[in-house]
Every structure is written in structure tokens, then in C-alpha cells.
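So the chains spell out like this:
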Amino acid sequence: MKAELVLLTLVLQFAVLPLIIPDGYIPNLSALLILYLAFYHTSILGVWLAFFLGLLFDLSAGSLLGPSAAGLVLAYIFIAVLSKRLFLDALVSSLIFGGFASGIVFTIRYLLLSQFVSLPFWIPLIQESLSSALFAPILFWIFSKLRRKNVG
Amino acid sequence: MKRSQTEPSIRVIFAHAAALFLVCLFLTSYSSKNPKVIGIGSRIVQELISPVQEVITVTSSRIGGFFDEYRALRDAKERNDQLLSRLAVLEMENARLREFENENSRLSKFLSFKQSSKLQGIVGRIIGNDAANWVHSVVVNVGTNDGVAIGNPAVDSAGSVVGRVVAASSGSAQVLLLTDRASSVDVMLQERRTSGILSGRQLNECELNFVELEKEIQIGDRVITSGLDGIYPKSLPVGVVSFAEKDSRGLFQKVLITPHVDFRKLEEVLIITNVEKVQ
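Taken in order, these protein sequences are the chains called A and B.
Per this note's numbering, numbering through the first sequence is continuous, rising by one, with the last residue being 152.
Per this note's numbering, numbering through the second sequence is continuous, rising by one, with the last residue being 431.
Where chain B lies over chain A, by a calculated footprint (3+ residues, C-beta under 8 Å):
1) 40 to 53
2) 66 to 80
Some residues of chain B that are not near chain A, with every Cβ distance over 10 Å (derived):
3) 219
4) 248
5) 323
6) 412
Derived from the structure by calculation, the hints contain no laboratory data.
Quick reminder that beta carbons are idealized off the backbone N, C-alpha and C, glycines included.
Make the full structure from the sequences, and use the hints.
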């Protein structure tokens, strides 16, 4: 089931969304997938998945290898800790956590990248977090459907 | 949603995460010093992504193309409707301008006739025919306010006799046509100088009366006004002889005249207002 989620995320993130959403507003679906997995499938495999997704993200961005991977790994562990105390089912919580997860990944990526190149922070952070937040309920709904289908 | 029941200890996950984070830091540092590494990786990822992107791009462009064509067809239909209505307007305008052109041509002939002769008058547009079938007359849109008086002769643009005014109001006048039975014009044959009285017979045919038997008349002889009746000026063309017969039992010949004027196509007439001065 995880393979389906990962494949869907990759296709949407790297092939579909860049074609239909303007630059700067593309949501971070990898962060949303990590958020979802951290909440519902907390595991060692999840950490590794976060790492490899991040590497793939870095490779597709063509800048440095590691910043996104570091961001996703840290986001995963952070959310996994929080998932013991919080719920993701409600629309509002999925909006908030979607934006939050994307924000964490963006911030860590920025912190690492900014050691080497000068980059803007606030506006891209807000753009990416907002678009991720708006996309989170839709993506989580699709993930839930896929999960139920596999369970059924 | 329920969480997985077989979740490992968070400490183990944390340990993995910490290790991977350190790996990430190392990779970041390493790739900053060796950009070739990321270049090769990027190309591989791009090679993997590009076929999927191509499929999506082609599909979306086809869908977009379908809607573009639909929009183009819809726009073309709207444009076609607009052009058709524009064409109808322009055709109407064109017909109106052609009408003006024809009218201008006819009025120019009237002007030319007036300038070449000493006659003065006013051009009247025919606005109606007599309602009674047995009276050949037309109504024109000029009347006493324009100087028209009863008895004024009317001619066409070539100066051929049309008839005379038999009734006039302030804004219109009734012209009795040459072809009416009540019409009578003193005429003569232009070459032979034989005179007679022309009266109407039917549409586009008149009868020349009181032509003596011994006078020579041939078909095609031109007929003009003599000026003796005090109504029509002298030498206005009237028509041509179309039939001539000598009946030994009678005192006069039977002569039929075809007028120059085609009364069915008549649209304007010149009412001559200075007949007395000319005569």
C-alpha cells in the first residue's frame, strides 16, 4: 500500500503539478506523504522513505544533495513524536499539519542551502506552506481511499 | 483512523533519523564540493520523469486542443453571425446607394435637358398612380407651392412628352398621361410636317386623329408637338408612327403612335412652368 502512495506522490509531485501549478506555489507532496505516514504508519521504513524521497527531491531540484532529505527526515521524526498526542482526521487539522510539515521541510532545506547560496525565505515559505496546506485534505482523502481499498 | 498496532519504539526510529540526518549533512557538504555528483543524479531523475511528463503534456495539450477548437468553432459561429448581419446591412446600404446613383443619373438627364432647352421647370417624383383603371394619370410630389399650375406640360428626362397637369394641390399634382383617352395634343410629323390631334388609346399606344387621306405617312415617322394647342411647347418629341392605314370609306387615315416614354418605368417627370414665356 505504501508503494502506491509513494508512486502517486512522485507522479503528482514531479510530473503533474509542475505542469499545472505556477512556480512557487507547487505544494510539497513529499512532506504531506511523510506527514501521513508518520501519523498512521510510524516505522523505521518511514524514516528511510523520507530520506530517499528527500534525495529524489534534491536531485530533481539539481542544487545540493541532502537538504530536502534532511528536512523530510527531521519532519518525519518530529511529526512521529507529535502523532502520539494529535489527530489528523479533521479538515482543519489536516490543513494546519499540512502547512506545518511543509514549513519544517522548507525551513531545514533553507538553513542548509543558505550556507552555500543566498536565497529568499519568507515569501517562498508562505507560498509553499499555504499551497501544501490547501492540498493536504485532498491528498489525505485520496490516501485514505487507497488504504481502505487495500484493507478491503 | 486507527494507527498501526506494530509501531516500533520511537527511540529506534529516532536513532535512524539522527543517523540519516548526519548522512544528509555529509551529502550536502560533499555535493557542494563535487557538483558533478548532483549533475549525474539529476540527469537520471530527469530521464525517469520525462516520459511521464511527456505523456501528461501530450494528453493535456490534446484536451486543451479540443477545447481550443471548440472555442474557435464557437467564436467562428459568432463571427459568422456578426458578418452575416453586417452583410445584410451592407447589402441594404449598397441597394440604397445604387438607387441614389440611378436617381442621380436620371436627374442629370433632366438637368441636361433643361440646360439645352429654354424650358424651366421642376422635377417631381411619381408618388402614386390613379386609383381608377380607366384614367391614365400619375401623382407627383410637387404642387402649387413649387410653382406647378394646372395645364403645365410634363416631360421625361429626354424631353419626351409625358402628359399635362390636370389638378394641383400645395404639395402634389396629378398629371394626365398622354395615353389617356381624355388627353389631346396638337402634333405633327417631324419630316412631313403633317399635323393632327393625338389622343390616348391604351397604355403605350396613342391615336393620331384628323390626318387627311391624301397625306403620306410611313411607319417609323417621328411625331413632335406642334405648339399650336397652347399647352405643349413646340418640337417636343412624342413618339413614332407604328401603324397607318387609309380607309377609303372614311375622311381620315387611321394612324397609331407609340410614345417614346415607357410609362411603366417612369419614376420622375419634369413639370415645365414657363410655357407662355417660351411661346
